[in-house]
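Enquirer: Sequence:
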Amino acid sequence: LVLAVRDAHRHPWMAEARDALLAARPDTAVVEMGVPQEAPAGSPYVVTHGAARVCGEAAAEVLVGA
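Mapped onto my numbering, the consecutive letters of the sequence shown carry residue numbers -17 to 48.
Please note that the accuracy of each hint is not assured.
What follows is a set of in silico ranges between Cβ atoms, one per label pair, in the way DEER data are often shown [said to hold, decoys possible]:
1. Val36 x Ala6: 27 to 33 Å
2. Pro(-6) x Val36: 25 to 31 Å
3. Gly47 x Glu(-2): 15 to 21 Å
4. Asp(-11) x Ala23: 18 to 24 Å
5. His(-9) x Ala34: 18 to 24 Å
6. Gly38 x Arg7: 27 to 33 Å
7. Val36 x Ala2: 26 to 32 Å
8. Glu43 x Val17: 19 to 25 Å
9. Pro(-6) x Glu39: 16 to 22 Å
10. Pro(-6) x Gly47: 30 to 36 Å
11. Asp(-11) x Val36: 14 to 20 Å
12. Ala40 x Glu(-2): 25 to 31 Å
13. Ala6 x Ala34: 25 to 31 Å
14. Val44 x Val17: 28 to 34 Å
FYI, nobody ran anything at the bench for these hints, they're computed from the structure. From the three backbone atoms N, C-alpha and C, an ideal C-beta is built for every residue, glycine too.
The task is simple: from the sequences and hints, build the whole structure.
Expert: Spelled out as structure tokens, the structure:
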């Protein structure tokens, strides 16, 4: 499972939803498509520093090892 978020630290509801999902599915990879904050403990974490399509494609390549 891959969870893509953007600036989750700026929106408490988004951070809470992310944390709840990670508690239920610790195997989830998190892709931060905005400004990074602290990486979630124990989860694969990719930061793109942008939300353009090319950033998402680059993150997908990192996750699959391409």
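Enquirer: Now tell me if each hint is right for this structure.
Expert: Hint check results:
The supplied range of 27 to 33 Å is met by Val36 and Ala6, whose beta-carbon atoms lie about 31 Å from each other. Pro(-6) and Val36 have their C-beta atoms about 29 Å apart, which keeps the hinted 25 to 31 Å range intact. Roughly 31 Å separates the CB atoms of Gly47 and Glu(-2), a value that falls outside the hinted 15 to 21 Å. In this structure the hint that Asp(-11) and Ala23 lie 18 to 24 Å apart at CB holds, the actual value being about 19 Å.
At about 20 Å, the CB distance of His(-9) to Ala34 agrees with the hint of 18 to 24 Å. Checked against the hint of 27 to 33 Å, the pair Gly38 and Arg7 fails, with Cβ atoms roughly 20 Å apart. The hint said 26 to 32 Å for the Cβ distance between Val36 and Ala2, and at roughly 30 Å that hint holds. Separated by about 21 Å at the C-beta atoms, Glu43 and Val17 satisfy the suggested range of 19 to 25 Å.
For the pair Pro(-6) and Glu39, the beta carbons lie near 29 Å from each other, so the given range of 16 to 22 Å is not met. In this structure the hint that Pro(-6) and Gly47 lie 30 to 36 Å apart at CB holds, the actual value being about 34 Å. Checked against the hint of 14 to 20 Å, the C-beta distance between Asp(-11) and Val36 comes to roughly 19 Å, which is consistent with it. A beta carbon spacing of about 28 Å between Ala40 and Glu(-2) agrees with the range 25 to 31 Å that was offered as a hint.
At roughly 30 Å, the beta carbons of Ala6 and Ala34 sit within the given window of 25 to 31 Å. Checking the proposed 28 to 34 Å range against Val44 and Val17 shows it is violated: the Cβ atoms sit about 18 Å from each other.
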